[in-house]
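> What follows is each chain in one-letter form.
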Amino acid sequence: MRRYDAILPYLLLAPGLFLAAMIILMPLWQLSVLSFSDVNRFGVPRGLTGWDNYARIFADPDFYRAFWRTVVWTVGIVGGTILVAFPVALILNEDFAGRGVARVIVMLPWAMSLTMMAIVWRWALSGESGMLNSALIWAGVIERNVQWLAHGQTAFPMQIMIGILVSVPFTVTIFLGGLASIPDDLYEAARLESASAWQCFAELTWPLMRPFVNIAVVLNTIYVFNSFPIIWVTTQGGPANSTDILVTYLYRLGFRIGRMGEAAALSLLMFLFLLALTAVYVALATRKGRA
Amino acid sequence: MTINKLRLGAAALALTAATAQADTVRVTVAEYSSLTGPYFEDAAAAFEEANPGTDIQIEVVPWDVMLQKLTTDISAGANADLSIIGTRWLVDFVDEGIAAPLDDFMDDEFTGRFIDVFLSPSVFDGQTFGLPIAASARAMYYNADLFEQAGLESAPDTWEELVEAARAIDALGDDIAGFGMQGAQIETDVYFYYAFWAFGGELVQEDGTSGLNTEAGIQAAQLYLDLLNEGLTQEGVTSMTREDVQNLFKEGRVGMMITAPFLATQIRNEVPDLNFGVAAIPAGPDGDRGTYGVTDSIIMFENSQNKDTAWAFLDFIFTTEWRARFTGGEGFLPVQTAVAAMPEFADDPVLAEFAALLPEARFAPVIAGWEEIAERTSVALQTIYLGQGDIEEPLTAAAADINPILGAN
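Just so you know, the sequences run in chain order A and B.
Per my numbering, the first sequence starts with residue 376, numbered consecutively.
Per my numbering, the second sequence starts with residue 736, numbered consecutively.
One or more of the hints may lead you astray.
As the list claims (entries may be wrong) - Mimicking DMTMM-like on lysine to aspartate or glutamate, the simulated pairs with C-alpha atoms at most 25 Å apart in a straight line are: (1) B:K985 <-> B:D799; (2) B:K985 <-> B:E1005; (3) B:K1042 <-> B:D830; (4) B:K804 <-> A:D413; (5) B:K1042 <-> B:E844; (6) B:K985 <-> A:E503.
Please keep in mind that the hints were generated in silico from the structure rather than gathered at the bench.
Computed from a prediction, not measured in an experiment: that's the story for all the values here.
Throw the hints in and build the complete structure from the sequences for me.
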């Protein structure tokens, strides 16, 4: 009887695990094979080549540039999103007239596809007829049109900003869930002890929200690191590769230039990097949580 | 009730089986405009009616993702029977044995339908691997009203005159640019070749190396950079795709630009009041000039299970009637003698100007890995246009990347 209890959970999990393995491990296996093969432009392998594909990626200066830009991109968007989403969630958690409407407005962008969002922003950022330029000129901030997408120095910060905007709704949702789970009597007790609003936040809200912040960081990092549409739609990684991140570099490598073997190697590397990053973060976060 | 449902199911099954057995030919076509899909659907319907038992399935794919779709389809063995491809990709398809030779199907009558210059890019070692479904060349469009306002009498014939004309037009207003310049995305390299060829440049030199960093390349890049620095182009060049510049031209905000015949079709449909002219691409100091000739080919896949029906469909859409409808609707150049002779094409002044340029047309060199060369060249040009350094260094770096692709060192 007891032995039966011990295997039962695994038995119940088995079908799900099997499906997940088929969906995740099969492509991973195929990718690994491709990454060690000489692959033609149409993805047909022509024999093994060892580490050639990896060596060629590490010899490409564009790869390093794209890598560091991806770090800036991910840290910028994930950090920015947390900074924006936290106060927004705190406000939406308060009781005020029109809270329902405010929540809907904050969540609404979530209902739109990322690609559509990016296309709208491409129009808004257009140097000649873009809404952003019109608005800024009207407000007296700038005197002449700024060509936002013509230079990496202006295009990339704008792309990060779009990234933050589209990540906020999801993150606010996580935070609202977290805030709802904090019992009100904790705050009542704190107020009885004459704690200030800041003390309530620093001693109660923030520590109790830590697990939710951790989830938001991990999930957003995974989404943002691999996020393709914003950059592809607005600049395709240009001009002169100045807004290229790893995933756009990967797409060009595979589908424009036709180096499928190198593309397979790069996507494996990206997967491993993300896996390691997430594992380290989760380990750190849980350790702190216990202390 | 249940029995009825079962019967229905059985009938449906039988029906599916019947369709699967029929002569099914899948065709992947590129979306040139909103007319492309309906055109091929109509052609398929007409063909099916004339050939009972056949089933032509059309898949319309936007150009941007065409190569990606073909790549994934082919690697999965799920490709169609026929597909439109850029002729510049054809050599890769032939090298890998993906495209089937068509010579066994073609007779003299069929070959005779085509204007030779358009068929020849699809011929490798005497074998024909594709048929030209679309053809275009490039010429210079100019805004006749802006020219008149600026007191210019005719379109510039040399790049030197073009700079003068651009100055005169640019002075007309803040919102108006003399020369429209493309600096982003697909064909950024081609926009540079117009000047590069005029200065006597060759993409691949006789010794097999890239000609990008030769004297001609440096002079052409210098010319464009000067136009840019003097403010004679529209702003934000490095974010401007060909379509962006075309839109500015349609708004009457660009004096001159170089592009394909389909801009004339678009202008007639969208801004019929725009007074424009078409002229040859300006010549260089030694009288050299070159336009870019482009064809797209329709190919048959080697792994097609239904080659005879696929060929019958090809034969059908390459009849004069269906060709004329496609060519006229999309604004391409006629690739068949009989179509070119039709009054609607022969008497069209814009098409006549393009056709006159054809003897000087250069097609993308038939090189495996051409897309990568185009990519490297575009990045080097963007670097120059952004003013991030001198001209020679990015061109030399790009040439160094390109030479191994060309098989030279």
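> Which constraints among the numbered hints does this structure fail? Numbers only, ascending.
none
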